[in-house]
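Participant: So the protein sequences, as listed, match chains W and U.
Quick note, the working numbering runs 144 ahead of the 1-based positions in the first sequence.
Quick note, the working numbering runs 144 ahead of the 1-based positions in the second sequence.
The set of hints was computed from the structure by calculation and includes no laboratory data.
These numbers come from a predicted model, not from an experiment.
There's no promise every hint is true.
Given that identical chains are not distinguished, each listed pair holds provided it fits within a single copy or across any two copies.
Stated by the list, open to error - DSSO-like, lysine-lysine: derived pairs with alpha carbons at most 27 Å apart:
| no. | residue 1 | residue 2 |
| --- | --- | --- |
| 1 | K410 | K229 |
| 2 | K255 | K295 |
| 3 | K397 | K255 |
| 4 | K255 | K368 |
| 5 | K354 | K431 |
Next come the chains, spelled out residue by residue.
Number of protein chains: 2
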Amino acid sequence: MKISKLILLGFGNVGRAFLNIVGEKRELCRNRYGLDLNFHSIVDIKFNSVLKSKGAFVFPGSLDAKEILEIVSLKSPERVNPYWKPEIGLAQILNVEEPGVLIECTPSDGKTGEPGLSHIRRALDGGWNVATANKGALIVDFRGLKELALKNHVHLKISGATAAALPILDVALYSLAGSEILAIEGILNGTTNYILTRMRKGLAYDAALKEAQDKGIAETDPAKDVEGWDTAYKILLITNAVFDRAYSLNDVKVEGITAIPSKLMKEGSEKGRALKLLGKVIREGEKFILEVSLKVLDNSHQLFGVDGTEKGISFLTDTMASVTVTGGKSDPRGAAAALLKDIINIYRSD
Amino acid sequence: MKISKLILLGFGNVGRAFLNIVGEKRELCRNRYGLDLNFHSIVDIKFNSVLKSKGAFVFPGSLDAKEILEIVSLKSPERVNPYWKPEIGLAQILNVEEPGVLIECTPSDGKTGEPGLSHIRRALDGGWNVATANKGALIVDFRGLKELALKNHVHLKISGATAAALPILDVALYSLAGSEILAIEGILNGTTNYILTRMRKGLAYDAALKEAQDKGIAETDPAKDVEGWDTAYKILLITNAVFDRAYSLNDVKVEGITAIPSKLMKEGSEKGRALKLLGKVIREGEKFILEVSLKVLDNSHQLFGVDGTEKGISFLTDTMASVTVTGGKSDPRGAAAALLKDIINIYRSD
Chain W
145 MKISKLILLG FGNVGRAFLN IVGEKRELCR NRYGLDLNFH SIVDIKFNSV LKSKGAFVFP
205 GSLDAKEILE IVSLKSPERV NPYWKPEIGL AQILNVEEPG VLIECTPSDG KTGEPGLSHI
265 RRALDGGWNV ATANKGALIV DFRGLKELAL KNHVHLKISG ATAAALPILD VALYSLAGSE
325 ILAIEGILNG TTNYILTRMR KGLAYDAALK EAQDKGIAET DPAKDVEGWD TAYKILLITN
385 AVFDRAYSLN DVKVEGITAI PSKLMKEGSE KGRALKLLGK VIREGEKFIL EVSLKVLDNS
445 HQLFGVDGTE KGISFLTDTM ASVTVTGGKS DPRGAAAALL KDIINIYRSD
Chain U
145 MKISKLILLG FGNVGRAFLN IVGEKRELCR NRYGLDLNFH SIVDIKFNSV LKSKGAFVFP
205 GSLDAKEILE IVSLKSPERV NPYWKPEIGL AQILNVEEPG VLIECTPSDG KTGEPGLSHI
265 RRALDGGWNV ATANKGALIV DFRGLKELAL KNHVHLKISG ATAAALPILD VALYSLAGSE
325 ILAIEGILNG TTNYILTRMR KGLAYDAALK EAQDKGIAET DPAKDVEGWD TAYKILLITN
385 AVFDRAYSLN DVKVEGITAI PSKLMKEGSE KGRALKLLGK VIREGEKFIL EVSLKVLDNS
445 HQLFGVDGTE KGISFLTDTM ASVTVTGGKS DPRGAAAALL KDIINIYRSD
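For reference, chain W alone in the conformation it holds in the complex (with noise of 0.2 Å):
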């Protein structure tokens, strides 16, 4: 049996999904992969700012996932449960005898990577692998992150951060080994498919907003959404990814849905026809356009038939032809399960 020492920062959404569900695949990972996850600790940002003051949940590895969620969700002051730890801070959690794996789930800063950057980099620096669902780190640096991986021998996995349970980079990296990948595209946000796709049955883009809107999938503040930064986000990072660059966010020429020209808007209506907004990568020798746009696509399309929140990507080879993946969960749950995933693969000798 392997043991998979596991230290979680930031306990939001994705967070507590994820303990849940270690909790729940505690046993099958046993069974399944000879694997025996142990949380080591969890850092929460709402207690304290990692890498300027201290205090964080330690536990002894005997505690399932089911008694530490009842533990950290404690509401009574947190400075008198007995598995806080006041003085511990992140390097000294760190510095431990055989590290396994550090899960980023802090809150995503595209701006200065922070405070997940540094995290990711003590981490990786510390010897540990490092799973994580923190878009804005990976774009800050990815490169960065990945040489620091290589030099420490260790894993720095993404899967959370591109797509959650949609298996964007496993197919890119693992299925499609040893091909050389000559163009992608992607229907990559949820709620932008769920609007657009709500637009082609008649409603205004207002409307369908608002209904996107009651139905929790758009956020009161859809800007990020809707005027394609999401997208860009995540084109970016598959991109360095994929093909190992460091472009940044500039890089990527960013179209929205917030004025649909009616031509388009018009022509994605007719019938055996959608308009779908893509994250496109094109591949000119060396060089590599990325870009978000509008798109008419027809019936014929392999993403034709991604509508509502659902998400897919194409992968256009040159020994495998074309491979296409849509679907997997997009909520907290299946980032969560796209980080157990990464981390089982970790470990996995098979």
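Chain U: place on chain W using the hints.
Facilitator: Then chain U, alone, in the frame of chain W:
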């Protein structure tokens, strides 16, 4: 640089395509994966039955795939080819220090699994990894082979045998790791899917079959495809590999497309609907129900748009919702690309 010694058994369409693709991709494998692919030997069933008689092409490591292709393509008697070793059999070939990967591409026999089954057993027992496109051997004794691989701490990779470049097993075993797969549904045979797609356009069965034969999609004797057996082989292999079972062909309920009930044909020709031949696995507790059956899909179904010779498969899971993968070249070059992918993934450490 890791060095992978390769033995190729079988030099038909897939074996030749494999040699070609390694020739094209050897530099890429060195640069991207730090992996040097070195052909050690080629044994072709055309020249000898490996287990009964002897003789093989054995190469110095310095030859590249293009040189090897020229050597083995020489029409003049193999016995005078300088690389032809008449006294060497599989046992001697396998008996080298630091074994690599044996690639098994001999013709598939679904009844006995031979000669592939014996080749694979010998290789695994000799400490060789195996990548194979040979369905027959795997249908007859996948579990036995898998156990042998585990016992010898080597890999048994079978992507090439399930649907060439469509990454069915990668997605099920790698991308969905940690989840519970609840059901599987796939369009797994290009020939029947082509015929059904053309019938939806109004062609009669005989005319659609003839067209497929004229285009080289269907074989002169199309029974294996149109009676559903190829789909049955694949869904059986997928079930045994994904769920670690030992079902046999007798456990699969098989329907073909040779006598489609007119009611189904009519329903499948309606607007927004399509008749498909599906390979299916449904779980009922610890029991798995395997079948190949005709089903009318409506246009919200994930596999609705998989037309012509294309293939696709959907996995329903507990934590990641439904994930569908479609496309992937399915000719000998696609199978060869899948073999190369499997070899790269045996050696990867990232």
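Participant: Taking 27 Å as the upper bound on the Cα-Cα distance, should K255 and K368 be classified as within, between, both, or neither?
Facilitator: within (13 Å within a copy, 58 Å between copies)
Participant: For the identical chains here, do K354 and K431 meet the 27 Å Cα criterion within one copy, between copies, both, or neither?
Facilitator: Neither way: K354 and K431 sit 40 Å apart in one copy and 45 Å across, limit 27 Å.
Participant: For K410 and K229, with the copy left unspecified, which applies at a CA distance of at most 27 Å: within, between, both, or neither?
Facilitator: neither (61 Å within a copy, 70 Å between copies)
Participant: Evaluate K255 and K295 at a C-alpha cut-off of 27 Å and name the case that applies: within, between, both or neither.
Facilitator: For K255 and K295, the Cα distance is within 27 Å only inside one copy (26 Å; across copies 50 Å).
Participant: I want to check one pair: K397 and K255. Are their C-alpha atoms no more than 27 Å apart within a copy, between two copies, both, or neither?
Facilitator: within (17 Å within a copy, 57 Å between copies)
Checked against the numbered hints given earlier, this structure breaks hints 1, 5; the rest are met.
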